[in-house]
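Protein chains in written order, with numbering that gives the first Met the number 0: chain A, 0 to 234; chain B, 0 to 201.
To be clear, the hints were calculated from the coordinates, so they are not data collected in a lab. Just so you know, these numbers come straight off a predicted model, no measurement behind them. Check before you lean on any hint, since a few could be wrong.
Said to hold, decoys possible - Covered by chain A, according to a simulated footprint, are these stretches of chain B (three or more residues, beta-carbon under 8 Å):
| no. | region |
| --- | --- |
| 1 | 19-27 |
| 2 | 60-67 |
To be verified - Derived pair list, reagent style DMTMM-like, types lysine to aspartate or glutamate, alpha-carbon separation capped at 25 Å:
| no. | chain 1 | residue 1 | chain 2 | residue 2 |
| --- | --- | --- | --- | --- |
| 3 | B | Lys194 | A | Asp170 |
| 4 | A | Lys110 | B | Asp191 |
| 5 | B | Lys194 | A | Asp158 |
| 6 | B | Lys194 | A | Asp202 |
| 7 | A | Lys110 | A | Asp133 |
| 8 | B | Lys194 | A | Glu156 |
| 9 | B | Lys194 | A | Asp196 |
| 10 | B | Lys194 | A | Asp69 |
| 11 | A | Lys110 | A | Glu164 |
| 12 | B | Lys194 | B | Asp88 |
| 13 | B | Lys194 | A | Asp219 |
| 14 | B | Lys194 | B | Glu135 |
| 15 | B | Lys194 | A | Asp111 |
| 16 | A | Lys110 | A | Asp73 |
| 17 | B | Lys194 | A | Asp16 |
| 18 | B | Lys194 | A | Asp215 |
| 19 | B | Lys194 | A | Glu164 |
| 20 | B | Lys194 | A | Glu130 |
| 21 | B | Lys194 | A | Asp121 |
| 22 | A | Lys110 | B | Asp133 |
| 23 | A | Lys110 | B | Glu59 |
| 24 | A | Lys110 | A | Asp121 |
| 25 | B | Lys194 | B | Asp133 |
| 26 | A | Lys110 | A | Glu156 |
| 27 | A | Lys110 | B | Glu168 |
| 28 | B | Lys194 | A | Glu13 |
Just so you know, even glycine gets a beta-carbon here, dropped at the ideal spot from N, CA and C.
Each chain is listed here by its residues.
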Amino acid sequence: MAEIRLEEAEVRVEDGDAGQRSILSPTTLTLSEQRIGVIGGNGSGKSTLARLVNGLVTPTSGRVLVDGLDVARDGAAVRRRVGFSFTDPAAQLVMPTCVEDVELSLRRREKDRVRRRQLALDTLARFGLAERADVSVHALSGGQRQLLALAGVLATEPDVLVADEPTTLLDLRNTRLIGDVLFGLPQQLVLVSHDLDLVARCDRVLVVEDGRVRFDGAADAAIADYVGSVSRPAP
Amino acid sequence: MSMTVGVYRPGRTLLHRLPVGVKLIGLAIGSIAIVLVRGPLSAVIFLALAVVLALVGRLELGVVARALRGVLIAAVIVAAFQWWLFSLDRAVESLLDLISLGLLALTLTVTTAITAMLDAVVRWLTPLRRVGLDPERVALTIGLAVQSLPGTLALAVETRDAARARGLERSPRAYLTPFVIRVVARAHETGDALKARGIGDD
């Protein structure tokens, strides 16, 4: 498994007249488990934490390292190792048809057109989308779109997949389908989710609140902590 | 919502098998000729040629109807102005010319995979690498511009429906402001998604 290290990593944003506001307080962590869950309320900072791992967000201070590579300095190399899947696949699917979208991911790796197409078709087949290869990405169901988005990310065989709320827009059937796909992957998984059943399958879970990791431990204990915190009346 | 405008349909017709460069040059020459050659008779001939090409490419009638609906509305409005300002001949000519241009462009996109276009653009621009141009990035920009049209239309329809649902269908501000914001937001999301996939990193 890859070693993801946050060393006093903090993310601050400009906040108008108020100056800078911290959306992730200085955080130090080492993540090396295969399935890591991140839970927390809306705006708690969990997506920011996830984006740090892929270099989509770089720390304002401190460092984030993936197998020793600094996401701020070695962004391109980090992104070759760490794939990222978004909540809304519509923003992620940028080519007209399914096979073309997967091919786009493979352009850097495979220059030969024929071999690239075959690789893309093989990837689609792995995700049960072989029949949809030439279908418009806009004609897919929500579950199929999320599957295709995952196929596009995983086509390049990254070591780590960061999935930011991948089931939020899906119905129960598709949530289970995507969950089974994610937990069947050989890759290390960092899963940000509000779906506690899904997070319960993780080896380690972080609970994020107000830009801080307030709990870090086994899934059962983390979920109990999170449920307990939202059940208590606000101070 | 199903958006099939201009989406590549695999096939083995003559147009599918033609090299991308030949098709693009053909489209360019055809478009220039349509604009330069004046008169309703030539407009009829160009439209007939465009229809023949669409038939050769085996474009489905439904795809053509959906894709050209917007073009047709715009062409009718333009033709009405031409009739009012100039003559019936000019109106017929502009109506037919716009439909011909739309049909030719549609025929190209339906018979040519975007990835094939990207490969061709990269091939053509590779010599310019020496002067600092990144062919992959230019090709990707062109591909995204072509592909963004259906997504932007979908956003327009969603925003219009949202305005209607709030009883604001007569307010241009209630429609245009959120539409522009959503298009910009989608552009940011797409940029993030491309970056996350490592596209454009090299």
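Right, here's what the structure says about each hint:
1. 19-27: violated (count 0)
2. 60-67: Three-residue rule not met by the region 60-67 of chain B, so violated; n is 0.
3. Lys194/B / Asp170/A: 28 Å, violated
4. Lys110/A / Asp191/B: OK: lysine 110/A and aspartate 191/B at ~24 Å, within 25 Å.
5. Lys194/B / Asp158/A: 17 Å, holds
6. Lys194/B / Asp202/A: 28 Å, violated
7. Lys110/A / Asp133/A: Within the cut-off at roughly 21 Å; holds.
8. Lys194/B / Glu156/A: The given pair, whose Cα atoms are some 16 Å apart, holds under the 25 Å limit.
9. Lys194/B / Asp196/A: Judged against 25 Å, a Cα distance of about 30 Å means the pair is violated.
10. Lys194/B / Asp69/A: This hinted pair holds, its Cα atoms lying about 16 Å apart.
11. Lys110/A / Glu164/A: 33 Å, violated
12. Lys194/B / Asp88/B: 51 Å, violated
13. Lys194/B / Asp219/A: 34 Å, violated
14. Lys194/B / Glu135/B: With a Cα-Cα distance of about 14 Å, the restraint between lysine 194/B and glutamate 135/B holds, given a limit of 25 Å.
15. Lys194/B / Asp111/A: 23 Å, holds
16. Lys110/A / Asp73/A: 23 Å, holds
17. Lys194/B / Asp16/A: 30 Å, violated
18. Lys194/B / Asp215/A: 29 Å, violated
19. Lys194/B / Glu164/A: With a Cα-Cα distance of about 18 Å, the restraint between lysine 194/B and glutamate 164/A holds, given a limit of 25 Å.
20. Lys194/B / Glu130/A: 28 Å, violated
21. Lys194/B / Asp121/A: Cα-Cα ~24 Å, so holds.
22. Lys110/A / Asp133/B: 15 Å, holds
23. Lys110/A / Glu59/B: Not OK: lysine 110/A and glutamate 59/B at ~32 Å, beyond 25 Å, violated.
24. Lys110/A / Asp121/A: Distance of about 17 Å is within 25 Å: holds.
25. Lys194/B / Asp133/B: 16 Å, holds
26. Lys110/A / Glu156/A: Holds, at about 16 Å.
27. Lys110/A / Glu168/B: 49 Å, violated
28. Lys194/B / Glu13/A: 22 Å, holds
When each numbered hint is compared with the structure, violations occur for hints 1, 2, 3, 6, 9, 11, 12, 13, 17, 18, 20, 23, 27.
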